Amino acid sequence: MLIDGRVDVKPDNSLMHRVNARAEQQVELCYHCHKCTAGCPVAQEMRFGPDQVLLLVQLNQQDRLLSSRDIWLCAGCEACATRCPNEIDIARVMDALRQVALAEGVRPADTSSVKFHRLFLFLVEHLGRMNEAGLLGAHKLWTGNLLADLGSGAVMVAKGKIPLVPHVLRDRAGMRRLFSRSLHPAAADSGAEEPGP
Amino acid sequence: MTAYSYYPGCSLHSTGREFDASVTAVFRALKIDLVELEDWNCCGASSAHSVDRDLSLALPARNLALAQAAGRDVIMPCAACYNRHRTAEHELQSTAERRRRIEATADFEYRPSVHVRALIEVLYDTVGPQALRELVVRDLRGLPVVAYYGCLLVRPPQVTGFDHAEHPTKMGELLGALGAEARPWGDATECCGGGLTLTQPNVARRLVTRLAERAREAGAQAIVTSCPLCQVNLEMRQSGRAERLPIFYISELVGLALGLEESKAWWRMHLIDPRPLLRGVGLMARQAAG
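Chains A and B are the protein sequences, given in the same order. Letter 38 of the first sequence, counting from 1, is numbered 38 in my numbering, and no numbers are missing. In my numbering, each residue's number is its place in the second sequence (first place is 1) plus 1000.
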């Protein structure tokens, strides 16, 4: 950018600072040896791959990254974190990028994953445990992908592997408090949470 | 009598029913008490850590509080649950500030008195392959398999740490003690894409089919796992022209080798029926009904 006829070269690191804070990592340590990408099981499906995702964080390429499918493709297998010579947990960096994207309301490239995670956590918040029938059914309705895996789903219901009646935790109030303290720490501190049992 | 707390996790009450049934049957046979944690909650799996780090630590921390109150180490057969709870344990032991933050959200005071254990860890480090070998009544000779760990039992190593992160050996040694032939292969810790199986089924299909190919190349006729997410993904997403490989839980093969009658009920729950293979290698009577 030109300011008073001079080039302002002060780097903007705001994305990296936010990602580092959320992931408790130091993305600036990456010197691009590509070891993470070499061992990544989903790199071939990605547009950038793990190494270039780190590069784009270093270069503050917020728009490209937060709207990319790559950040939702990470399988969380931690092969990158295990092998990184600079001990960067890249899977956690991917998590941090997802969190920044959600916090900033960026329209995700992969809405199926976002809907899956939201439904999963909604069920855990209100039931305390996962209910596969609820998760799969609601995810189908929400994504409009009604026919996927219908056959194997039916077989699993027949084999008693997808219980139709959910188990509900006794300590539901505790569960909701845990969610509100985690997701809205300020509100919980100011006494906005409901009283305990 | 040794006793452990038991955390089955959500999968072992649904898609991994045979894992739950075989784990509990095997520990009964080993005369080790498993006491299920009262009112345990879901660990949040990959959804919690994708969305919020505090939540991803508070959910397992609530279960650690239950285990601490029960006063026994807790066995977590599911690799994903094991990994999330070990991560919370690791973070609780990292800095005082992090510990206070987790304690505040999960509403408890942490004491490092009880620990989270993986199934293979307990079978290997506490029971031991030699003791197991002496209990075998039906040798699994003639059953060539590969030991498949997947990701979450061994990575990241500073969080898991009961076996080698790149070349783990304990599951293979346990299988050897049962008489099975654990073939060497290079994909024991390659990811199957289980976390993507519903949202990116094509990615999961590619990873699973490649794993099955590599297992076949190694001469295996089945894959053995200790993770319910791997197991269901490997059963659901194998494709290609080759015949699909059955996917066993390690606890099912221990139960079979110990001669447990209950084992017959487990095979019916599989999406890929392992009974033709078991009959073929003489581990099941050919005329067996069902």
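Careful: at least some of the hints might be erroneous.
Calculated cross-link-like contacts (lysine to any residue; reagent style SDA-like; alpha-carbon spacing at most 20 angstroms) [what the hints assert, rightly or not]: (1) A:Lys159 / B:Ala1021; (2) B:Lys1264 / A:Lys35; (3) A:Lys35 / B:Gly1071; (4) A:Lys140 / B:Asn1202; (5) A:Lys115 / B:Val1203; (6) A:Lys159 / B:Gln1158; (7) A:Lys159 / B:Gly1186; (8) A:Lys35 / B:Gly1186; (9) B:Lys1264 / B:Pro1276; (10) A:Lys159 / B:Met1269; (11) A:Lys35 / B:Pro1201; (12) B:Lys1264 / A:Gly160; (13) A:Lys35 / B:Glu1190; (14) A:Lys35 / B:Glu1166; (15) A:Lys35 / B:Gln1158; (16) A:Lys159 / B:Glu1262; (17) A:Lys159 / B:Glu1235; (18) A:Lys159 / B:Lys1264; (19) A:Lys159 / B:Glu1166; (20) A:Lys159 / B:Asp1273; (21) B:Lys1264 / A:Val155; (22) A:Lys35 / B:Ala1021; (23) A:Lys35 / B:Pro1157; (24) A:Lys115 / B:His1164; (25) A:Lys159 / B:His1270; (26) B:Lys1264 / B:Glu1109.
Hints listed in this document are in silico derivations from the structure and should not be mistaken for laboratory results. Note that this is a predicted model, so its numbers are computed, not measured.
So if I understand the rule, the pair passes when the alpha-carbon distance is 20 angstroms or less; does Lys35 of chain A with Gly1071 of chain B pass?
violated, 42 angstroms
Need the status of pair Lys159 of chain A, His1270 of chain B: alpha-carbon distance at most 20 angstroms?
Holds, at roughly 8 angstroms.
Mind checking the alpha carbons of Lys1264 of chain B and Gly160 of chain A for me, to see if they're no more than 20 angstroms apart?
Answer holds: Lys1264 of chain B to Gly160 of chain A is near 16 angstroms, not above 20 angstroms.
Is Lys159 of chain A close enough to Gly1186 of chain B, meaning Cα to Cα at most 20 angstroms?
violated, 33 angstroms
Under the criterion that the straight-line Cα-Cα distance not exceed 20 angstroms, is the pair Lys1264 of chain B, Glu1109 of chain B satisfied?
Outside the cut-off at roughly 44 angstroms; violated.
Distance restraint between Lys35 of chain A and Pro1157 of chain B, which requires alpha-carbon spacing of 20 angstroms or less:
holds, 17 angstroms
Does Asp1273 of chain B sit within 20 angstroms of Lys159 of chain A, going by the straight-line distance between their CA atoms?
holds, 12 angstroms
For the pair we were handed, Lys140 of chain A and Asn1202 of chain B, check the Cα-Cα distance against 20 angstroms.
holds, 17 angstroms
Hey, Lys159 of chain A versus Glu1262 of chain B, does the alpha-carbon distance stay inside 20 angstroms?
It holds: about 16 angstroms lies between the C-alpha atoms, which stays within 20 angstroms.
Proposed proximity, Pro1276 of chain B with Lys1264 of chain B (alpha carbon, max 20 angstroms):
holds, 13 angstroms
Does the structure keep Lys35 of chain A and Glu1190 of chain B at a Cα separation of 20 angstroms or less?
With Cα atoms ~15 angstroms apart, Lys35 of chain A and Glu1190 of chain B stay inside 20 angstroms; holds.
Given the hinted pair Lys35 of chain A and Ala1021 of chain B, is their alpha-carbon gap at most 20 angstroms?
The hint is violated at about 40 angstroms.
Consistency note: the structure conflicts with the earlier hints numbered 2, 3, 6, 7, 11, 19, 22, 24, 26.
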